[in-house]
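Q: Model the placement of chain B with the ligands on the given structure of chain A, informed by the hints.
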Amino acid sequence: MIKLCNIYKQFPNVQALDDVSLQINEKEIVCLIGPSGSGKSTLLRCINGLEIPDKGQVFIEDELVDYKNEKQLRALRQEMGFVFQQFNLFPHKKVVENITLALLEVLKKDEESANSIALKLLDRIGLKDKANEYPSKLSGGQKQRVAIARALAMNPKIMLFDEPTSALDPEMVKEVLTVMKELAHEGMTMIVVTHEIGFAKEVSNRVIFMDEGKIIESGSPNVIFNEPKHERTKTFLSKVL
Amino acid sequence: MSIFAKIITVENFIYLIDCAKNSLILAIISVILGLFIGTIVAACKISKIRILRYLANIYVEFIRGTPMLLQLLIFFFGLPQLIPNYASLSFSTQVFIAGVVGMSINSGAYSAELIRSGIQSIEAGQWEAGKSLGMSYFKIMRLIILPQAFKRVIPPMVSEFIVLIKDSSLVSSIGATELLKGSQIIGSRYYNYIIPLFMAACIYLIITLTISYFAKKLEKRFQIYD
Ligand SMILES: Nc1ncnc2c1ncn2[C@@H]1O[C@H](COP(=O)(O)OP(=O)(O)OP(=O)(O)O)[C@@H](O)[C@H]1O
Ligand SMILES: [Mg+2]
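Taken in order, these protein sequences are the chains called A and B. Under our numbering, think of the first position of the first sequence as 1, with each following residue one higher. Under our numbering, think of the first position of the second sequence as 242, with each following residue one higher.
Because the hints were derived from the structure by calculation, they are not lab data. Some hints here could point you the wrong way.
[What the hints assert, rightly or not] Distance condition first, Cα-Cα at most 16 Å in a straight line; then the derived EDC-like pairs of lysine to aspartate or glutamate: (1) B/LYS380 - A/GLU105; (2) B/LYS380 - A/GLU70; (3) A/LYS109 - A/ASP123; (4) B/LYS289 - A/GLU105; (5) B/LYS380 - B/GLU369; (6) A/LYS239 - A/ASP211; (7) B/LYS247 - A/GLU97; (8) B/LYS247 - A/GLU182; (9) B/LYS380 - A/GLU51; (10) B/LYS372 - A/ASP211; (11) B/LYS372 - A/GLU112.
Next comes chain A alone, as it looks inside the complex:
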């Protein structure tokens, strides 16, 4: 469903992605792990065009992504949900409006159906009673659940998560992971950058370990966590496990 071929991305002082190739199949749940600065976010952001690779090709459902083609990018992004570490809710919009904004403006739905989609999703994440609050009134965990709902409202084929629980207080991590697990069980295709090893073990089909812009190794969670081949993977895991 997603194919990356020999992706390179250079930032002024660092090679963030260094010849990365990767294929993600439908209904797969892939966890990306690796030390800080290893290029996990950059990889995820290249997939939905928040960063533009210097070299290499990205195919989404067999369609080559042309990063110069704004229209194509917008169409692709509508089919990909992106969840940020810092939530990035719209602070001037109420919770329900955060969810309906793109439904109304991008998918051109009418007010009524947009609202009903939003309320259904809020109900599902247990935040229906917060529909008319502003995001500032929510806890971190609640904000992130709303952000997930906002992405889901577009009915995406794949969800990209960039450290969705890293900005949360420990007691709120679980509520967000629960929502993500439910999504996984429903068969959503997901790529998750995370430090939550427990989540990766329990939910993912595949774990990819990155370091210095390269994919060092990838395999089932069992293999990666219990019998990693590479020294770098072992060193990293010994620090986080």
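A: Relative to the frame of chain A, chain B with the ligands by itself:
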């Protein structure tokens, strides 16, 4: 009868308030047009098109680097040469148009800077969230960035409005009868300028303090979401 009682009369106050109306009208029209110009210029300043950025910078630097009185004089003397039949308008209309144009263009430059910094103060994450939902640049700008930027820009825009009310006194030097000029007219009638000037000062203060007061309320209303 003391000189105070002679000058501080209801009629003179009413006359001054009438003149103050002109100051206010000049300032209100200019701040609105200035906001409009400022938004467009701010968009140019942050645009990817170099020539737009270049032109916007020249405009802003020129306006901010030269006296407003000089700018008003340029429009006062320049507009008749630019616009056919301008000279056939009444003198007070000529002065009014030159004043509004001069003040708006002046205010546009200052507003542009305020709005630009307001726009750039919005976190990159807001752009990214909009993009990730498939929204276009203009939709993100209009629906996500500008509403938040304008809110942050309200306090400095109110200061800008107050500056405009005070600076509208400069339009008297090209012949407008606004509050300052009105006080001088009264002064010349009584051979006493100090008392009418203080009367004008009172009216300026009442206007500016009232605006500050309501601006604070407006800010509070916008604060519901933080
Ligand atoms: N916009 C940017 N400009 C310059 N350098 C950048 C930019 N974005 C990322 N980098 C650099 O690229 C490298 C990879 O960054 P990236 O954010 O992809 O790492 P990461 O694996 O997500 O790390 P973390 O776990 O800290 O989020 C880092 O060295 C980072 O400093
Ligand atoms: Mg990251």
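Q: Can you confirm whether the C-alpha distance between A/LYS109 and A/ASP123 stays at or below 16 Å?
A: violated (20 Å)
Q: Straight-line Cα separation of B/LYS289 and A/GLU105 no greater than 16 Å?
A: violated (24 Å)
Q: Has the given pair, B/LYS247 with A/GLU97, been kept, meaning a C-alpha gap of at most 16 Å?
A: Violated. B/LYS247 to A/GLU97 sits at ~62 Å, over the 16 Å cutoff.
Q: Does the alpha-carbon distance linking B/LYS380 and A/GLU105 stay inside the 16 Å limit?
A: Measuring from Cα to Cα gives roughly 8 Å; hence the hint holds.
Q: Check whether the Cα positions of B/LYS247 and A/GLU182 lie no farther apart than 16 Å.
A: violated (84 Å)
Q: Are the Cα positions of B/LYS380 and A/GLU70 separated by 16 Å at most?
A: Cα-Cα ~13 Å, so holds.
Q: For a C-alpha distance cap of 16 Å, please report whether B/LYS380 and B/GLU369 respect it.
A: holds (13 Å)
Q: Does A/ASP211 sit within 16 Å of A/LYS239, going by the straight-line distance between their CA atoms?
A: holds (14 Å)
Q: Is B/LYS380 within 16 Å of A/GLU51, Cα to Cα?
A: The given pair, whose Cα atoms are some 20 Å apart, is violated under the 16 Å limit.
Q: Would the pair B/LYS372 and A/GLU112 pass a check requiring their Cα atoms to be no farther apart than 16 Å?
A: Answer violated: B/LYS372 to A/GLU112 is near 24 Å, above 16 Å.
Q: Measure nothing beyond the straight line between the CA atoms of B/LYS372 and A/ASP211; if it is 16 Å or shorter, mark the hint as holding.
A: violated (28 Å)
Figure legend: structure checked against the earlier numbered hints; hints not met, in rising order: 3, 4, 7, 8, 9, 10, 11.
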